[in-house]
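Trainee: Sequence:
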Amino acid sequence: MKSVKIAIKRKESAKDLPLPGYVTAGSSGMDLYADTEGELELFPGQIKLVSCGIYLGIPEGFEAEVRPRSGLALKHGVTLVNTPGTIDSDYRGLVGLIMTNLGKETFTIKR
Numbered sequence: 001m002k003s004v005k006i007a008i009k010r011k012e013s014a015k016d017l018p019l020p021g022y023v024t025a026g027s028s029g030m031d032l033y034a035d036t037e038g039e040l041e042l043f044p045g046q047i048k049l050v051s052c053g054i055y056l057g058i059p060e061g062f063e064a065e066v067r068p069r070s071g072l073a074l075k076h077g078v079t080l081v082n083t084p085g086t087i088d089s090d091y092r093g094l095v096g097l098i099m100t101n102l103g104k105e106t107f108t109i110k111r
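Here the sequence shown is numbered in UniProt numbering, starting from 1 and rising by one per residue.
In case anyone wonders, no lab produced these hints; they're calculated from the structure.
Heads up, the beta-carbon is just placed ideally off N, CA and C, and yes, glycines get one too.
Hints may be right or wrong, so weigh each one.
As the list claims (entries may be wrong) - Derived DSS-like pairs (lysine-lysine); straight-line CA-CA distance at most 27 angstroms:
no., residue 1, residue 2
1, K48, K75
2, K9, K48
3, K2, K48
4, K11, K48
5, K11, K104
6, K5, K15
7, K75, K2
8, K15, K104
9, K9, K110
10, K104, K48
11, K110, K75
12, K15, K48
Unchecked claim - Quick list of the computed label-pair ranges, beta carbon to beta carbon:
no., residue 1, residue 2, range
13, E65, R10, 15 to 23 angstroms
14, K2, T108, 35 to 43 angstroms
15, D88, E41, 13 to 21 angstroms
16, R10, T86, 30 to 38 angstroms
17, K110, E60, 30 to 38 angstroms
18, G26, P84, 34 to 42 angstroms
Go ahead and model the full structure; you've got the sequences and the hints to work with.
Mentor: Here it is, written out as structure tokens:
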């Protein structure tokens, strides 16, 4: 498989967050982290944009995708509205996840 270098820049408020990365040897995708001030509540039926606190420099001809975690969907009913979410090579804005809570309980997103 061809290796691709992607530039990652952190928003000032996200300097303490880990960079996206593979958590286990068998991970097919990198984990992202929420750049929130304190806790963020996602109420049942609510849709909310959650910042990841990073900007990506994806090379031309490539894209990045964001996908929901199956464990969050099964245990809490939390998923992404547009999945997979595409981040194009010419997009240089802040990366965010459009999350929704399909469950019956409020879900708390922590930094």
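Trainee: Taking 27 angstroms as the top limit, are the C-alpha atoms of K11 and K48 close enough?
Mentor: With a Cα-Cα distance of about 19 angstroms, the restraint between K11 and K48 holds, given a limit of 27 angstroms.
Trainee: Taking only the CA atoms, is the gap from K104 to K48 under or equal to 27 angstroms?
Mentor: Holds, because 16 angstroms separates the two Cα atoms, which is no more than 27 angstroms.
Trainee: Starting from K9, check that the Cα of K110 is at most 27 angstroms away, please.
Mentor: holds, 21 angstroms
Trainee: If you check the beta carbons of G26 and P84, does the distance land in 34 to 42 angstroms?
Mentor: violated, 20 angstroms
Trainee: Could you grab the alpha-carbon distance between K11 and K104 and see if it respects the 27 angstroms cut-off?
Mentor: Roughly 33 angstroms between the alpha carbons, so the hint for K11 and K104 is violated.
Trainee: Take a quick look at whether K9 and K48 sit within 27 angstroms of each other, Cα to Cα.
Mentor: holds, 23 angstroms
Trainee: Between K2 and T108, does the beta-carbon spacing fit 35 to 43 angstroms?
Mentor: holds, 39 angstroms
Trainee: Do the alpha carbons of K15 and K48 lie within 27 angstroms of each other, as the hint requires?
Mentor: holds, 23 angstroms
Trainee: Check the hint pairing K110 with K75 against an upper bound of 27 angstroms on the C-alpha distance.
Mentor: This hinted pair holds, its Cα atoms lying about 16 angstroms apart.
Trainee: Could one say that the CB atoms of D88 and E41 fall in the range 13 to 21 angstroms?
Mentor: violated, 31 angstroms
Trainee: Decide if the proposed pair is consistent with the structure: K75 and K2, CA atoms, cutoff 27 angstroms inclusive.
Mentor: violated, 35 angstroms
Trainee: With respect to the beta-carbon atoms only, verify the hint that R10 and T86 lie 30 to 38 angstroms apart.
Mentor: violated, 22 angstroms
The structure does not agree with the numbered hints 3, 5, 7, 8, 15, 16 and 18 stated previously, though it agrees with the rest.
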